[in-house]
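Note that the protein sequences, when read in sequence, are chains A and B.
Heads up: the first sequence runs through residues 1 to 601, numbered per our numbering.
Heads up: the second sequence runs through residues 1001 to 1317, numbered per our numbering.
Among the hints, erroneous ones may be present.
To be verified - The calculated lysine-lysine pairs, modelled on BS3-like cross-linking and capped at a C-alpha distance of 30 Å, are:
hint, chain 1, residue 1, chain 2, residue 2
1, A, 419, B, 1212
2, B, 1299, B, 1035
3, A, 179, B, 1204
4, A, 539, A, 521
5, A, 406, B, 1311
6, B, 1311, A, 169
7, A, 181, B, 1299
8, B, 1317, A, 406
9, B, 1204, A, 402
10, A, 477, A, 588
11, A, 575, A, 517
12, B, 1317, A, 443
13, A, 406, B, 1204
14, A, 169, B, 1212
15, B, 1299, B, 1243
16, A, 171, B, 1311
17, A, 125, A, 181
18, B, 1299, A, 177
19, A, 481, A, 517
20, B, 1243, B, 1212
21, A, 149, B, 1035
22, A, 181, B, 1311
23, A, 177, B, 1311
24, A, 419, A, 402
25, A, 177, A, 481
26, A, 443, B, 1311
27, B, 1034, A, 443
28, B, 1156, A, 440
29, A, 171, B, 1070
30, A, 481, A, 577
To be clear, the hints were calculated from the coordinates, so they are not data collected in a lab.
Given the structure is predicted, the values throughout are model-derived calculations rather than measurements.
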Amino acid sequence: MNDSTLTASTAGGQSNNANISEAVIRIAGNSQDGIQSIGGFLARLAGRSEQEVMTFMTIPSTISGGPSIFQVRIGTGEVLSAGDEADVLLAFYQHSYEGHIDSLKESGIVLYDSDHVTPNEEWQKKYNHVAIPISNLTIEAIGGTARDKGKNIYALGLICRIFNLNSDKLKGLINEKFKGKNPAITETALNAFNAGHLYELGDLIETFSFSEATHRDSSQVVMNGNEALAYGLIAAGVRFGAGYPITPWSDIMELLRRELPKYGGSFIQCEDEIASIAMALGASYGGRVGVTGSSGPGISLKTEALGWGIMAEIPLVLVDVQRGGPSTGMPTNVEQSDLNIACFGGHGDSPRVVLAPANVEDCFYSAMEAVRIAREFNVPVVLLSDQAIGTRIEAFDEPDLKTLCKDITPDLTPVEEHKPYSLEDVSGVSPRIAPGTQVKSGKYPVITGLEHDELGHPTGSSQLHQEMTNKRRNKLKTLAKSLPFPQVYGGDHGDVLIVGWGSTQGPIHEAVDRVRKAGEKWSSLHIRHINPLPEGLEKAFDGFKHVMVVEMNDEGLYGYGQLAGILRARYCDPKIKGINKSDGMTYKVKEIIKRVTAAIN
Amino acid sequence: MSASNTVDNDASNGVVAEQSLEDAEPSNRAPLTKKEISADHPTWCPGCGDFSILALYFRLIQQRGLHHEKITTVAGIGCSSRFPYFVQANGVHFIHGRALPFATGVALSRPDLHTFVFGGDGDAFSIGGNHLTHTARKNVNLTYVIMDNFVYGLTKKQTSPTSPIGFRSKTDVGGSKDKPINPMKQLVAAGATFIARTTATNPKHLLAMMDKAMDHDGFSVIECLSECVEFYPGAFDKATPRKGGAFKEIPEDHDVTSELEAYKLADDSFPGYFGIFYDVNEPTKNANEASLISSAREKVAGMQDWEILQKTFDRVK
């Protein structure tokens, strides 16, 4: 918490209202309690109030039930991570209380459902406990239901009261959420909300108000990474996809299945992972870029067909929402352990493009970029998202859709002749036409996974295999030359350069901010283009004594994570070192600072 | 049953709906000559049954007046799957067993093309068995010719899923023990809407089956016995009159709309019946997707794509 400290009033008497610039609220309950929707409402409200917001959630990998949390950090200034420690913990059950009290900052507020939670005496000395019989009060407000429904909305009302949130806007959001359903449902939800909102806090607790956010010129949209990625694909002109359900990728396929028909497109649920990538490649061959995706083991299954796409030079976007692995692993936890399979998965020399979005907003733009690169270079692009970025909600500046949206309908204008694997251009990039295009020479191409000549006919020529291998590699080198150099966050020179990729950007930036404030010379470099790497990274490394690659994957046999291994192989620089972990959780800011500090001393 | 008739497939699949593809095809072009449709000289062994299937595919293209750019020939891996290299048209040589889902991607996103898939028994019933079932139940609008030789030829004589019990191969030197797949029974059970059986040694019948398959709206599949003269010579002599066998056509009174009747015919011992086992009209995947698209587009009528997305973004502000 910045600017002011958020503490409950310990002295009796009238409650005060403190002005704060940000707060971290953790809601802990069971997955069926609808705590994600409380978080969703808060995030949406923050977006509408021109505030920054970031969320973090965990869900159990069980069909129904199991402990679940949702953490939301709302701030008037820039919010980079979901926050290391919570200011307020809302605990629905004993296990929620016991399991998450550690996440609360010292003298933080624990708001608990006294119908289910018996407080611990030790902890009562350390944290400010506020007991509210949430379950019974909800029943009083809306009548009893067998499954305790509605207490999430009641709790939302309570939070609204404690933080002086705009209750009219929240009620508006509730109305929108239940729009189209039975009006009685909306009414019940509003009753629960009002009851929570009107709960007489008395002198139990201090209330807070967020300081006024600076006015923005553009409005913000609020969504999670999976949504932003899927909408980015649509904006880029993707109109066909195919997939097989697997957590956490399924959200993207469900969204595309729902949305694509509006644009005249289709998303097909396939019999398996292999059929999905095959079908997406078929659609790409048909003239547009097809999309498929998966998580965990599904990615392994797709690698043979991915290799075909590389050999046959067919564009494709393969989304990998990474989860804990190997094998079935930790389906609902985060890990960055698919970088190697994304870059190298498959047999033979198979250069492909790998992009890793750094935050929710970047999911949208990376998806657009993936489609553009796939089309321009006739190559499969792996979009390396992860569970954390996919499920967390952020508010970001609304994209200018009118300018950004692309039409990639194939051009079927007849051509004189066509060689899909022409070796003419030294860039390695050859033209591609969609079937349906008349070729006046009467020589039609075969698109193939066998090594081939320029027209696509099979060859056993050792010279052609060398030349075509060069071609497939050189076009990625051409791409590398056009990539923007990633900006160094902090100063260009100093002691430590933290290198990261993917969803760790927020906590890494926050760690850099925090240590720089304390006078340390740390900076960070976040790499979005994983394969090929942008040129000139060594120049950024030159300015620092230590290059620490922070990743959520294992340190491996030799002490380097997956990106660190690539960077060491590429730059042969012994100062590149790895900071790794495999606990299925996102990095905390203090964890990064502590680990890096320990490693350099 | 009626959806495939009520929804105009070619016109309403939105993936290419915005453009008139027919404009690209001048109507006054002469049918292709055999020379114009032939590409590489086939690499099959002399005497291979696959030559006959290729020759009749050319004949089919000619008699239907198809043009190069409208034809897409897709194959997986195997001797027979070399097919696309020999056809002068858009060709795809995909990976082993997965030609059907690839072709589904083509057929659904480009309903203006004629999508044909050729492959062998390994592709169809072994590595790609799952895809055969699901392409059938989805009823994707394409034609699949399974060139069945009862043996793995490209890898030089291993047991195939259709090899009869007792067949001596390099992987079953004492004779195959696993029960062979009955393609007709499997296709009926999978829900294929057009199922036919023919042989490479009866060109007239083979051409007629391909022609009828192409007429069919939906997934049409043909099992065509095609002898491997190198690794399983004489496999189909019992079905070849000039080798003393019998080419037994399906009786004219067979009810092609009855799964049960088709199954009974399929139960006949080798060489079995030839002809159309099953032929019904059911909603195709193409039509189902097209109707999903047209009802979704009703709500966004007159809007440009970016405006549709803007509407969605307006709701998450």
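- prompt: Are residue 419(A) and residue 402(A) close enough, with their CA atoms no more than 30 Å apart?
  reply: violated (35 Å)
message: Checking one constraint from the list: CA of residue 181(A) to CA of residue 1311(B), max 30 Å. Satisfied?
response: Holds. Residue 181(A) to residue 1311(B) sits at ~20 Å (cutoff 30 Å).
field: Given hint residue 1311(B) paired with residue 171(A) - CA-CA distance at most 30 Å
entry: holds (21 Å)
message: residue 125(A) and residue 181(A) were given as a pair; does the straight-line alpha-carbon distance stay at or below 30 Å?
response: violated (46 Å)
message: Hint check: residue 1317(B) vs residue 443(A), CA-CA at most 30 Å. Holds or violated?
response: It is violated: about 52 Å lies between the C-alpha atoms, which goes past 30 Å.
task: Below or equal to 30 Å on CA atoms is what counts here, so check residue 406(A) against residue 1204(B).
output: The hint is violated at about 50 Å.
- request: Verify the proposed pairing of residue 575(A) with residue 517(A), using a straight-line Cα cut of 30 Å.
  value: holds (25 Å)
message: Hinted pair, alpha-carbon criterion (30 Å max): residue 1243(B), residue 1212(B). Please report holds or violated.
response: holds (28 Å)
- prompt: Holds or violated: residue 477(A) with residue 588(A), Cα cutoff 30 Å?
  reply: violated (36 Å)
task: Please work out if residue 1204(B) and residue 402(A) have their alpha carbons no farther apart than 30 Å.
output: violated (57 Å)
task: Take the C-alpha atoms of residue 481(A) and residue 577(A), compute the straight-line distance between them, and say whether it is at most 30 Å.
output: holds (26 Å)
task: Starting from residue 1311(B), check that the Cα of residue 169(A) is at most 30 Å away, please.
output: holds (20 Å)
Of the numbered hints stated above, those contradicted by the structure are hints 1, 2, 3, 9, 10, 12, 13, 14, 15, 17, 19, 21, 24, 25, 26, 28, 29, listed in ascending order.
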